[in-house]
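Asker: Residue numbers (this note's numbering), protein chains in the order written: chain S, 333 to 540; chain H, 333 to 540; chain W, 333 to 540.
Honestly, the hints are just simulated from the structure, not real lab data. A couple of the hints might just be wrong.
Pulled a few chain S residues facing chain H out of the computed Cβ check, cut under 10 Å [as the list claims (entries may be wrong)]:
1. A355
2. D364
3. V365
4. M370
5. D389
6. T390
7. F395
8. R474
Distance condition first, Cα-Cα at most 27 Å in a straight line; then the derived BS3-like pairs of lysine-lysine [what the hints assert, rightly or not]:
9. K361(W) with K361(S)
10. K361(S) with K361(H)
11. K361(H) with K361(W)
FRET-style restraints, in silico, Cβ to Cβ [said to hold, decoys possible]:
12. I517(H) with I517(S): 50 to 60 Å
13. T482(W) with V510(H): 48 to 58 Å
14. C500(S) with V510(H): 55 to 65 Å
15. A335(W) with L506(S): 42 to 52 Å
Fair warning: this is a prediction, and the values are worked out from it, not measured in the lab. Glycine included, C-beta positions come from ideal geometry on N, C-alpha and C.
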Amino acid sequence: MSASALVTALELAGLYVFATSGALLAIQKGFDVVGILMLAMLTALGGGILRDLIIGDTPPAAFTEVIYLIIPLVAAVVTFFAHPLVQRLAFTVLVFDAAGLGLFCVTGTLKALDFDLGPVQAVLLGITTAVGGGVMRDITARETPSLVRTDSELYAIPAAIGATLVACAHYTGLSTIVVATGAAILVFALRITAMLRHWRAPYARVRS
Amino acid sequence: MSASALVTALELAGLYVFATSGALLAIQKGFDVVGILMLAMLTALGGGILRDLIIGDTPPAAFTEVIYLIIPLVAAVVTFFAHPLVQRLAFTVLVFDAAGLGLFCVTGTLKALDFDLGPVQAVLLGITTAVGGGVMRDITARETPSLVRTDSELYAIPAAIGATLVACAHYTGLSTIVVATGAAILVFALRITAMLRHWRAPYARVRS
Amino acid sequence: MSASALVTALELAGLYVFATSGALLAIQKGFDVVGILMLAMLTALGGGILRDLIIGDTPPAAFTEVIYLIIPLVAAVVTFFAHPLVQRLAFTVLVFDAAGLGLFCVTGTLKALDFDLGPVQAVLLGITTAVGGGVMRDITARETPSLVRTDSELYAIPAAIGATLVACAHYTGLSTIVVATGAAILVFALRITAMLRHWRAPYARVRS
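The following block holds chain S by itself, in its conformation from the complex (with noise of 0.2 Å):
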């Protein structure tokens, strides 16, 4: 297996797990099918749709190759059909969605750089690309975002660490592609370690 064929099979199982994760919390709000699909398509494809949005990559990547549609379509039917299996499976699909949060954070920053962006801004869409898709579904869903929540584990943060190496490498010289599969690797690594050991981001304390 070629190193682009894996990208390329983590990417798609990274748009599998966050549609899932999409879909399962439709069906624990209530929503019917449609809200299902919507949601599992929001969450998987969000972020990479608003930042190729703003890099002016149009029509956005996620509508260029049918399987990016159709993979967040299948994680809503199975989804949809086996939630109580899925659900029992939670804790896998969190350690697929950090893979996801890995990949999605590296691949956007590249993309953002490859279209003359400046690093931080790159930073900044590599981020967005990762975590985007969730704010989305939870805005939808009516939720807080799990992502600003001081009872989540770290998500952003390392998402945020992996976009600055991949930034840091392209200015510097050093060899894009291992710093990215390193980075990959560390946000990985990171985001499973934050939610063994409940590694929550600071808040602001309000006096009361």
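Given the coordinates of chain S, work out where chains H and W should sit on it, guided by the hints.
Answerer: Showing chains H and W alone in chain S's frame:
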């Protein structure tokens, strides 16, 4: 009246009732006149703007002809002053809304096909054109999108059927104009029947 | 200090206070540091990004100069550490926010006119530039947009007046720079007066 003049007239009528539904929800939620105008425009134009941003047709159609902005403005003003009357016409509004649903899912799909998007992508954008504004309306008003509620009658599914027919006609060489007209009428009829017979979309039972 | 340097300084001050209002709301809602950063950036940059996506100027201005991203980041960090002090300066924040409102509705309208949009479209985009970020802030924080609440003082209406004056000047051959400056000051004065006198927008009375 030529066919194209008829389509334009129906399109403007569709925008008018979409905007009315936004204005009515804003009034019901106790929003001020700014909220009424905002929700009217968002409901009428949101789906088409999103479609045009995705296919890369900027500025979106809603910003090319001033009539597309004037119609929702007029609908908002009329609803502001005459909302008790408009509410008594609720069923009439729903009938025109069904016409808008049929029309916009067809024109949205055709536009996406014109921009060389694939059939699945075109169907998704056709549905987005027809239902996107309503979802934005409900999110802004902090309501669960009526599109996904299990107690609301079929809305997106008729649009999906219509959009699929149009995409199939495009690839099989059938007369686009005949199929498009038939599809729009079918969507309208399905939506009206769904309302009268309380047809609802399936949902996933959560075992408690 | 040249006129253009003054506009840039005011623009950055406007971004800073818009971002501060986002960070303060995030703290009030109990969001973590990720939420504080996200809401700060969304509030400051959301309206301008939406305008640029619609007129087709990608990447949006917010992504072309890194200072546009740095300012909201700094505002978020300062608010994170010094929010009790920032809250005591609430009125000062509102005064700068009014300055931002005046400035961004004028610059947003001018940019849309530059991109050859019609006058009504340019006015709508000018208002969007000024108020769009605040609406995105409130939706993400699951609040009824303060823009549409009947207990909030005039905000969009001064922006609409300012944007309309700028569009009229563009078409009547009046000096754009004089009218634009006057319009920004007028919007600022109207907003401050509305706050002091509790001017509110009309709303539709729902008979119960």
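Asker: Each hint: holds or not?
Answerer: These are the hints, each one checked on the structure:
no.: 1; hint: A355; verdict: 9 Å, holds
no.: 2; hint: D364; verdict: 4 Å, holds
no.: 3; hint: V365; verdict: 5 Å, holds
no.: 4; hint: M370; verdict: 6 Å, holds
no.: 5; hint: D389; verdict: 9 Å, holds
no.: 6; hint: T390; verdict: 3 Å, holds
no.: 7; hint: F395; verdict: 5 Å, holds
no.: 8; hint: R474; verdict: 6 Å, holds
no.: 9; hint: K361(W) with K361(S); verdict: 22 Å, holds
no.: 10; hint: K361(S) with K361(H); verdict: 22 Å, holds
no.: 11; hint: K361(H) with K361(W); verdict: 22 Å, holds
no.: 12; hint: I517(H) with I517(S): 50 to 60 Å; verdict: 55 Å, holds
no.: 13; hint: T482(W) with V510(H): 48 to 58 Å; verdict: 50 Å, holds
no.: 14; hint: C500(S) with V510(H): 55 to 65 Å; verdict: 59 Å, holds
no.: 15; hint: A335(W) with L506(S): 42 to 52 Å; verdict: 44 Å, holds
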